[in-house]
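Chains as they are written, first to last, in my numbering: chain A, 1 to 373; chain B, 1001 to 1266; chain C, 2001 to 2300; chain D, 3001 to 3408.
Source of the hints: derived by calculation from the structure; they are not laboratory data. Note that beta-carbon positions come from the ideal geometry of N, C-alpha and C, so glycine has one too. Mixed in with the good hints there might be a few duds.
Once the Cα atoms are required to be at most 20 Å apart in a straight line, the calculated SDA-like pairs of lysine to any residue come out as [stated by the list, open to error]:
(1) Lys219(A) with Gln2002(C)
(2) Lys1160(B) with Lys3090(D)
(3) Lys3065(D) with Arg2095(C)
(4) Lys119(A) with Glu3241(D)
(5) Lys288(A) with His37(A)
(6) Lys167(A) with Ser2268(C)
(7) Lys1223(B) with Arg1206(B)
(8) Lys2088(C) with Val3054(D)
(9) Lys2088(C) with Arg3061(D)
(10) Lys1148(B) with Asp1209(B)
(11) Lys1081(B) with Pro3188(D)
(12) Lys1062(B) with Gln1075(B)
(13) Lys2088(C) with Arg3062(D)
(14) Lys166(A) with Phe200(A)
(15) Lys153(A) with Gln363(A)
(16) Lys1239(B) with Gly1013(B)
(17) Lys3090(D) with Val3101(D)
(18) Lys1160(B) with Pro3188(D)
(19) Lys1212(B) with Ile1228(B)
(20) Lys219(A) with Tyr2003(C)
(21) Lys3031(D) with Ser2268(C)
(22) Lys351(A) with Asp150(A)
Away from chain D, derived, C-beta distances all over 12 Å, residues of chain B [what the hints assert, rightly or not]:
(23) Glu1010
(24) Glu1035
(25) Gly1079
(26) Arg1092
(27) Glu1107
(28) Met1110
(29) Arg1116
(30) Thr1119
(31) Glu1135
(32) Gln1136
(33) Gly1191
(34) Met1226
(35) Asn1227
(36) Ala1242
(37) Val1255
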Amino acid sequence: MRKSVIKKLVMVALLSLVVPVTGFAADTIKIGIAGPHTGDLAPYGIPTKEAVEMIAAEVNAAGGVLGKQIEVLPMDDQCKPEIATNAATKLVSQGVNLVIGHVCSGATKAALGIYNEAKIIAISPSATNPPLTQSGEYPNFYRTIAPDDDQGKLAANFVADKLGAKKIAIIHDKGDYGKGFADFAQQFIEAGGKAKVVLFEGVTPGAMDYSAVVQKIRKEGADAVIFGGYHPEASKLVAQMNKKRMKIPFVGPDGIKGDGFLEIAGADAEGVYATGPMDVTSLDVNKKARADYVKKYGKEPGTFFDQGYAAMQSALNAIKVAGGTDYAALEKALKSSYVDTAVGKIKFDKKGDAEGVGFSVFQVKGGKFVELK
Amino acid sequence: MPETKKKLLEVKGLTMDFGGLRAVDAVSLEVSTGEIVALIGPNGAGKTTFFNCVTGIYNPTKGEVLVHPPEKKTQRINGFKPNRVTTIGMARTFQNIRLFHNMTVLENVMIGRHCRTTTSIVGAIMRGASTKRQEQETIEKSYELLKKVGLVNFADEFAKNLPYGAQRRLEIARAMATDPFLLLLDEPAAGMNPQETKALDELIVRIRDTEKIAILLIEHDMKLVMNISERIYVMEYGKEIAQGTPMDIRSNPRVIEAYLGEEADA
Amino acid sequence: MQYFLELSCSGLVRGSIYALIALGYTMVYGIIQLINFAHGEVYMIGAFIALIVSGVLTIYGFSGFSILILAALIAAVYAAAYGYTLEKIAYRPLRNAPRLSPLISAIGMSLFLQNYVLLAQTPDFLPFPSLIPDFDFMEPIAHIMGSAELVILVTSAITMIALTVLIKYTRIGKAMRATQQDMTMARLVGVNVDNVISMTFVIGSVLAAIGGVLVGSYIGQINFYIGFMAGVKAFTAAVLGGIGNIPGAALGALVLGLAESYAAGYVSSAYEDVFAFGVLVLILILRPAGLLGKAVKQKV
Amino acid sequence: MLDNMKRSILVALWFVFLTFPLMVVKVNTLKNIVEWRWMNMLWVALGAFVLSIVWRWAMVRRDLKSSESDSTDDDQARPGIGQRILEDPKIFKPVLLVLAVVTLVFPLVVDIYQANIMVLALIFVVLGLGLNITVGLAGLLDLGYVAFFAVGAYTYGILNSFWGIGFWTSLPIGGLMGALFGIALGFPILRLRGDYLAIVTLGFGSIAKIVIENWEEVFNGAKGIAGIPRPGLFGLDMTIESATTYTYYLMILMVLFTIFITNRLKDSRIGRAWMALREDEIACVAMGVDMARTKLGAYAFGAFWAGLVGVIFAARNTYINPNSFTFMESALVLSIVVLGGMGSIVGVIIAALVLILMPEYLRAFAEYRMLMFGAVMVLMMIFRPEGLIANVRRKYTRSAVKTEGVNA
C-alpha cells in the first residue's frame, strides 16, 4: 500500500519536473537576445532587445528567412557574470541558433564559453573589451561596435593632437570598462610622446564627492582630463570641476555619451567631449530603423540601438547567405559578405571585429552631443 | 582521619579602581579546605567586584590573588582570563542568574565539563572512540550533578523555562561540573522563599561535606550566612571592616553600624 | 600649502555631512544600544523628498530661495515621519529581544527602504537641482571653497549648536539624557521612555534629512543607493568619536572626513574606502570607546 | 472591532501621507512634467489598512505565545508543521525517500538551465549552512561573509591561471584559505561586542572587494579571471551538459557533506560551546570555555565552507569578477539564515532554495526580490525569531551499560 503511494508521489514529482522542458522544434530559426533587461543597467540592454524584436516582427510578417519564421528569445543577464551563465545555458537548452548579445563585456566573457561549446555564434552590439576578439579565445564572438582600444587611441590622440594638451590627468572608476579605456588612453598617450600622463587614478563610484580628486588634478597642473567610466561618476566629476572653477577639457568614453549624462550633468555638461560610435544617423538604413522604432515604440531609441539593429541585420544576412544555421557556413558568411546595416556597410574580420565601424569625438553643444568632423 | 586544613585561596590587599573610583580597597581574604566562608556587606560595598577580580573578569589594579590548588603548585592568577581561573579549579555563579537560556538544562551542565574534556574540531568531526567515550562521560557526570541538585526531571527542558529557585540550583550544578576545589557563589539565595533557602542551605553544606569543595559566598540572607559559614568577612565602601566567626561578627559594633546605617538590609 | 588647504576644505565639508548623519546614529545608540542600520536610508529619503518637492515647485512656478526653504522643510518633516514609523515598526517590538534581533531587523529595514525607493521612483541617478545660489562674495576663493560648501559648513554648524541647546536646556533634552543614563530609572521618575525614544529617532532623522538636502544640491545627483555608504561612513564616524557621545560624533565625523580627504589627496582615492574602514577597525581594536567616549565596564 | 477598524483607518491614512511623495509623485525635471500616480495611493491605503489589521492580530498572538511559554514550562505543546514532519518517522521517511529520488533524477529530467540554476541554489545552501555556524550557532553576526566566498573563488582562479592547478587540488586549498582568512580577520576583532563585530565584518567585506578590484597584478582587477575550468573527472572531456550534471551531483555531495560535518559539530563539545557563547559570553567564559579559541573556531569553520564552495562557484561560472562579491550577497546569505531559523539545518536548506529559486522561476518577482528580503528579515525577527523551522532541541540518552564504569 505504502509503496504505491510513494510511486505515485515520485511520478507526480517527475511529471512536474518534465513539464517545463521545452522541446526542440526545428521549423523556426531561434535567435536569443541576451543582455541586461532589468536592473540599473537595463537602459543599455533594452534598446538592442527592442531592435531585434522589431526586425524579427518585420521579417516574419514578410514571410521569414529562408521560408522559416524567426523566434526571438530574450534573456536577462543583469550584466552579472553568474546570471549570464544561467541565461546562456538556458538559451543553449532552448536550442537557439544564434545569439545577439551579451551587452556587458564581463557577462559576455562568462557566457561565450557556453555558446562556443554548443557551437553557437554570438554577435554583441556593445561588448567593447579588446581581448574578446584579440585574444583568440572566443572564436564564436563577433561585434558590431569597435573595441575599446580604438576608442582609447582616439581619445588619446584627440587630447594630445587636437586639444594640444601637454599634461593629462586620467581618472577611471576602477570598473572593467572604465579602467580598460583609461589603460588604453594612457598607453597611447605615452606611445605618442606628445603629452605626459601626470595623474592616473581610480575613484570610488558612489563616494560622497570627488573634490579631493579634483584638487589633485589641479595640483598636478593637468590641462586636460580623460575619464574612463559611466555617466553618474562623470557628471559628478564635471560638476565638481565647475564648482572648483577648473576649466580644462574633459573627455570621456561612449559610456557617458548618452542622455543620462546630459540630464544629470545639466549645464555642467556643456563643452564636455566624448568618444562614441560614429554618427550614422545620416545613413538611409539608420534613418529607416529609427523611424520604424519611433513609430513602433513612441520614443527615441536608446544606447546601442544602432549596433543592436546592425547585429541582427548581419545575423540575418549571414543566415541567408549560408542558407541555414550551420556554424561553419555562418562563420564564413559573416566574415566574407558585406551587408548594409544601421552602422554602415560592414563585414567582420578574422577576429570578429566589424570592418567599417569606428569612433569619432563628440562635444556637448547646446545640450546635445554633436559630432566633431 | 581529621583533615589538615590547607589554604586554597589567598587574596592579599586586592584593590580595584574604575576610573577615579576605588571599588575595592586593599581587601585580603583566605579560604581553606573544607571551609564555608561568607563575604557580606551592604549593597555597593564592592563584594561582586571583588568576586570579579578573583575570577578573572576584571584585572585588579593592585594586590595579589594566589591560588594553592590541592596537589599542585601555587599560582598567582592576577590578570588570568576567567576560563583559566575556572580551569585551575575555581568556579562561580552569578548574582543575576546567567544561564544559557536556549539550551537545555542538561546542556547547561555539560558546558561546565568543557574545560575537563579535550575533543577538538577534528575530533568532533571524526567522532572516534575517545570522543564518544568523553561525550558519554560528560552526559553521565552531568546527570549525576542534576540528581544532586534535584533537577534531573528537568534535564531536557530549556533553562529559561525553569522556575527561579531551580535556575539558581542549575547554576550551582553547572559550576560544579567544572570539578572545582573552590566554589564562589554570588548571592545564591537572592529571590528565594524560606523553604527554598533552607534547601539551599542544606545543599551548600552537602557540597562541602560530600564533594569536598570549599565555598566562598556573598550573601544578604543573614540567617543563611550565620548558619553555615565558618568565617565571615565584612566589606563596606570597598574596604574590609571586619572578619571572624559568626559569633564575632554578630557582636562587632562596626558591622552593626554598617548594617543599621543601611536600613537593615538583611 | 594651498593644496593642503584645499584638501582640508573638502574634508571638512564631507565631514560635516557625515556629522549630520552620525548624530542620528549616536543618539539612537546612546539610548537603546542599537545600530540603526536604516538611518542612512532616512538620509536618502530626505534627499529624494527634497528633489521631488523642488521639482514640483519649480514646475508650478515657485522660484529660488523659497524652493530651497520649502523643500528642506518638507524633507525634514517627512524624514522625521519615516524615522518615527521605522522605530515603531521595526524596533519597538524588539525592545526586549536578544541583541542581534533588532540589528538584523535594521538591516532588513535598510534593504526594504532602498528597494522601496527604487521601485517607487527609479533605479537611475536623478539630477538634483542646485538649490544653493552662487554668492558673488565667494567668487575670489571659489576654487578652494564655493558657496555650496560654505552653506554646508554654516548650516551644519548651526544645526549642531541647535542640537546642543536642545539637549542641554529643553525638557525633552533632559529626558533624553536621563534615559541615556538609565532607562529604568528614568521610567521610575516619570519619563515617558517610549516618547523619548521616538523623539530621538525624529530628531536624528531631521538632521539626516538636512544632510541629504545639502548633499543633493552640492553633488547634483542622487539615487536610491546613496544612503548605504553614507550611513556606514557616518556610523564609522560615530564609533570613531565614541558612540553615544554627541560631541564625539561631530568630532569623529570631521576627523574621518579630513582623513579621507588627505588619503585621497596624498595617497590614492582608489583606496579611499579601505582607508575609512581601516580607521574603523583600528579604533575598535585600540580604543573601542572612541576618541571622546569613556570606557564602560560591562555589568556582571 | 469598531475601534480596531478606526485604528486601521488611521494607520492607512498615516501611510498614505508617508508614501505620498515617493509613491504618487514622479517628476521629470528635464521636461518639467509631474506624473501623478493616484492609483498607487489607493493601493497604499488598502494595503496599509489590511496589513495593519494583520499586524495587530499577529502582535496579539505573539504576546500570547510569549506569556504562555513563561507560565507553562513546555512550549512543545504545539510544534510547528516542520517540526512534526521532522519528528514523525511515518511522515519523515517517505518524504526523505521522495526527496532523495527527486534529487537524484533531477538533472536527468530537466534541461541544463534548470540544473545550472539548481547548482547555484545548492551553492547558496552551503553558504547558508556555513554562515549558520557563525551567526546561528555562535551568535557572531558576520556581514562580510561574502569575503570568504571570494577568497575561495579567487584561490581557484589564481591557482589555475598562474600555475594551472586543477579543481580537485584547489578545492581543499580554497576551503583552507577561507578558514585561514577567517582566523586572520577574526583575531583582531575577538574582543568586539556583537554589533561592533557586525560593522567591522561589513568593513572587511568591502575592503576585500576593493582590494580585488585594485590589485590587478594578482586578481586581474575588475576585468576578472576568465576561462576557469569546470570540475574535472579523471581528465574526461565533458560537454557542457554533462559537466553541469556532474557539477550538480558534486554539489549534492557537497551539501550532504556539509550537513554531516555540521551536524557532528553541533552535537559535540565544540558545538555546545558555540551555543553557550551565543547565549551568554561572560557566563560561558566563566565556565571555563576559552573564548578566543571558540570564537576563532566558529569564525574559521564558517569561513571554511564559504571558501570551499567559492571554488565550486568559480568552476561553475568559469569566470569571476569582483561584482559577484558585494554586500548584497552577504545580505542574501544572512536572510537565508534568518529565514531558515538560526541554528536549524533543514530550515536553512529550505530557505536557500526558496530565496534563490523563486526569483529565477518567477521572473516578475525578481524585481521585488530585495524588497522582500528586507521585509522578511524584519518580520521574521519580530514574529518568528526562531525561523521557519526552529532548531530542534536535542535530547541526550544515557547508556545504562556504562553508568557504573564512569562512577568508579
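Exercise. So which hints don't hold here, by number, going up?
Worked result: 2, 5, 18, 21, 26, 27, 28, 29, 30, 31, 32
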